[in-house]
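**Q** Please construct the entire structure, taking both the sequences and the accompanying hints into account.
Chains as they are written, first to last, in the working numbering: chain A, 995 to 1643; chain B, 156 to 283; chain C, 1240 to 1411.
It cannot be assumed that every hint is accurate.
[Unchecked claim] With a straight-line cut-off of 30 angstroms between C-alpha atoms, the simulated DSSO-like cross-links for lysine-lysine are:
| no. | chain 1 | residue 1 | chain 2 | residue 2 |
| --- | --- | --- | --- | --- |
| 1 | C | K1306 | A | K1481 |
| 2 | A | K1262 | A | K1402 |
| 3 | A | K1052 | B | K251 |
| 4 | B | K251 | A | K1481 |
| 5 | A | K1262 | C | K1306 |
[Unchecked claim] To give a feel for the contact side, a few chain C residues facing chain A, derived at Cβ under 7 angstroms:
| no. | residue |
| --- | --- |
| 6 | D1286 |
| 7 | P1291 |
| 8 | N1302 |
| 9 | G1305 |
| 10 | P1309 |
[Said to hold, decoys possible] Reference listing, derived: stretches of chain A covered by chain C, where coverage requires no fewer than 3 residues with Cβ under 8 angstroms from a Cβ of chain C:
| no. | stretch |
| --- | --- |
| 11 | 1271–1278 |
| 12 | 1594–1607 |
| 13 | 1622–1635 |
What the hints contain is simulated information worked out from the structure, not anything from laboratory work.
As the structure is a computational prediction, the values presented were derived from the model and not from experiment.
Each residue gets a CB set at the ideal place from its N, CA and C atoms; glycine is no exception.
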Amino acid sequence: MFEAGNLLRQRVDDLATRLVMGETDVTLWSTLLGNVREQAEAGGEAEVARLAAQAIDKLPSAAAGVASFEVLFSADILALQKAAAGESAPVTAPAPGPVKAPPVALGEDPEMIADFILESREHLHQVEIQMMTLEKDPGDMEAINTVFRGFHTIKGLAGFLDFADIREVAHETETLLDLARNQEVRITSRIVDLVLAAADFLKVWLTRLEAQLAGGDPGPAPETALLLERLKQGATPGESAVAAPATPAVTTAPVVNTAPAASASSVKVDTSKLDALVDMAGEMVIAQAMVRHHPELAALQSPALLRSLAQLARITGEVQKTAMSMRMVPVAGLFQKMNRLVRDLGRKTGKQAEMEAFGAETELDRNVVEELADPLMHMVRNAMDHGLEPPEERRAAGKDPQGRVRLKASHQAGHIVIEIADDGRGLVREKILAKARRTGLVEDGEHLSDHDVFNYIFHPGFSTAAQVTDVSGRGVGMDVVKRQIQKLRGRIDIESQPGQGTSFFLRLPLTLAMIDGLVVGVGQERYVLPIFSVHEVLQPKAEMIFTVEGRQEMAMVRESLLPVVRLYRRLGVAPCSEEAAECLLVVAEAGDQRFCLMVDKLIGKQEVVIKSLGEQLRDTPGVAGGAILGDGRVSLILDLDRIYRLGTA
Amino acid sequence: MALNILIVDDSPVMRSFIRRVVGLTGLDIGEICEAGHGREALAVLGVRWMDLVLTDINMPDMNGEELLRHMEQDELLRTVPVIVVSTDASVNRVQKMMALGARGYVTKPFAPDSLAAEMERALEVTHA
Amino acid sequence: MSIATIEKMPTALSGDARAGKYLTFVLGREEFAIRVIKVREIMKIQDITAVPQTPGYVKGVINLRGKVIPVVDLRLKFGLAELEYTPRTCIIVVQMQGEGVTVQTGLVVDEVSEVLSLAANEIENTPDFGEGAGAAYLLGMAKVKGKVKILLDIDQVLNSQELGGVDALIRK
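**A** Have a look at this one:
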């Protein structure tokens, strides 16, 4: 039914185009009009059939040259278009019929499809941002135009590629937005929901296309008919125009300014190529170091050569830095996702919330940003669900009924700090403590700082929510969040004031590709320790080391007793010496625990590129990856947290 | 003589689609230039002679209608045939664009031969 | 120093999919063969960085032009006695199709022999040793100039934990 209607519409449009273009072939007109009439009759479109018949009757006059085709048919064809488009939809761009074969086999060209996916995603990203703006300010014409254009372009491209479902949904959304543009439909929360649903639908399709391109299983197609129906109903001007504008439960501030999607001064690069470039740049730095420190070259003692080598070192360093910077992306996209989440959760839970974003332009390695999405989403969900109180409760507490969720990104000492804060009820020390006692984490009478108490929420299975809701009751706890952040070589801290809210601070490295490493030697092997978890390195005296209960070695460092881990034992290698006095102690941090790592010697401090050990060895406990050192040999980067726990477990 | 063609569309992917179809028309095509909106198109036209312009209607920063208006007002540019390439096939829209000086109109998506026919006709009108 | 040998396998006209080009190498007194198409390159033995908490046959990792790849000692993988590396010891880098990615692994072998073209009529099935472990990783055996080569499906070799049957073949 839908397809037939579309075909009819398209045939009528074809007539219209021919009329304007001055087609004067009477036989052709007769055939075309005949086709329209026949199809209209078959499809039960009586009005269209009648109009077509009426036009056919006029053909002899046209043939006789009584009047020009244009004069004779203009009114008829306009009426035909209106009738064919149906009563509900005004005359706007009708979608080309899905039964029409693709004019060119562009849809079979993977490159074209890949381009289509990339560009469509950009449009949909803009759509989300602009819809948030529109929800706040339904009169923002520029925002409406941007959203309209996004769907319009996707429709056009999908037409060429013959992706019928995509085109139809984009078309109906465009129709709806056109009405909004002409102020025939008011942008309410319901309309925003609809447009976002359409955007989600298209996103699912893009993901499916992508899977198909990669030769994988695209999974089931999302339901089209229902969405089309909803969009059409949304586009019924009478209904939504009179409907009282829903008070938006959630107001969300746009995170990013309307940036032009693509500017002439930027190019798109395949991320795998970018990763390869970063890899090779890292190798170049190492190869350069190998040349520079080559004993035969050093023996030449040529100042000119040394100058050139220094120059080479500087340039290769720059190349590497530039390559790395190409992988940096602003956190704005991530914040935008959270903005959307706050909006959706607000609608779902009936809580009023506003999201504020600061420092959205702050850049992070693309890989970190990707890995950050899940934990961030979970924390925002927690803030909405457990943190913010319902409006009544807030009012009773003398607070603004509209809660706030704040996301803030900033640079701090070579790291990125992301703050996720809410102004809700805050963590209740007593509640957490009670639960910790119940589960045996704390013994009665133990005195604990707020910091210690709050940190219990990172224990597996620890949740203080009085009720489990659909929103965050998904079996993921803060322990998982903490693990994910630690996997990113970051840390998480909490601050909370009862009744005032809770803030989480994520401290993350700028990139996952490199690490500042401390290279240490154990026997014949060299290992890289991440400097961020190293506090100091010291030469122990024999009397600093104690053995507790005959097994656990402890070292007295600055008046605290720290467990000692003999690295050679943990890694199963032969050390140079087992005498503590002949070794070095690296004071390191694993989770919240400080400990001493016993190594043979300190080799140096070096920035290294982190390499994966490959599929098979990826999950080797205690090893975070590999690094290629100046001599071209691989050295293991240690995961100190795991190294410590390997010993205590 | 080979035809120099300017494709005006805000979607880079759409431009590459059109470029592809133009290549399939079998016409003798010279240089193909691209512009993302009307203003950019005028800039290209200011420095390069184009035999034909294929333009979208809905674009940011000077849409197709405004581009046509600007070209009509320019003594030199008004001789360059413009074909409107749009998904919008309503009579009103087609009439309006033709009234503004468009020499042809094709609805997306289109096959190479319909574009070729439209291009040939638009060029004939100019030469006549 | 490295012999890059990547070739397309000729379509098996004979109908026996096992026919084609093989790289042969030595472990102890036996000669083994793996499909040439699987081989990325062959390199002399080099320093291998040990990785803790891994099975004994995983010798560690090496730097392959900027990529870190694991190295498996095929002797140990087959449960043969460990042998000190000599200048003839080689690492054969093989490439396998993992989940959406190609995985490269180095194989330590006593020495690399040659590349052979094996026709279908030169390939026989491996005898069944009755343990049922007729072993998926054994493609078959080939007799070339009176010498027996054991054909290995290297993907299967690296993916299986237990490799029964090889010692039986070797003892023979």
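**Q** Would you mind marking each hint as holding or not holding in the structure?
**A** A quick look at each hint next to the structure:
no., hint, result
1, C:K1306 x A:K1481, "holds (21 angstroms)"
2, A:K1262 x A:K1402, "holds (28 angstroms)"
3, A:K1052 x B:K251, "holds (25 angstroms)"
4, B:K251 x A:K1481, "violated (60 angstroms)"
5, A:K1262 x C:K1306, "holds (25 angstroms)"
6, D1286, "holds (5 angstroms)"
7, P1291, "holds (4 angstroms)"
8, N1302, "holds (5 angstroms)"
9, G1305, "holds (4 angstroms)"
10, P1309, "holds (5 angstroms)"
11, 1271–1278, "holds (count 4)"
12, 1594–1607, "holds (count 3)"
13, 1622–1635, "holds (count 6)"
This entry does not satisfy hint 4, going by the numbered hints stated previously; all others are met.
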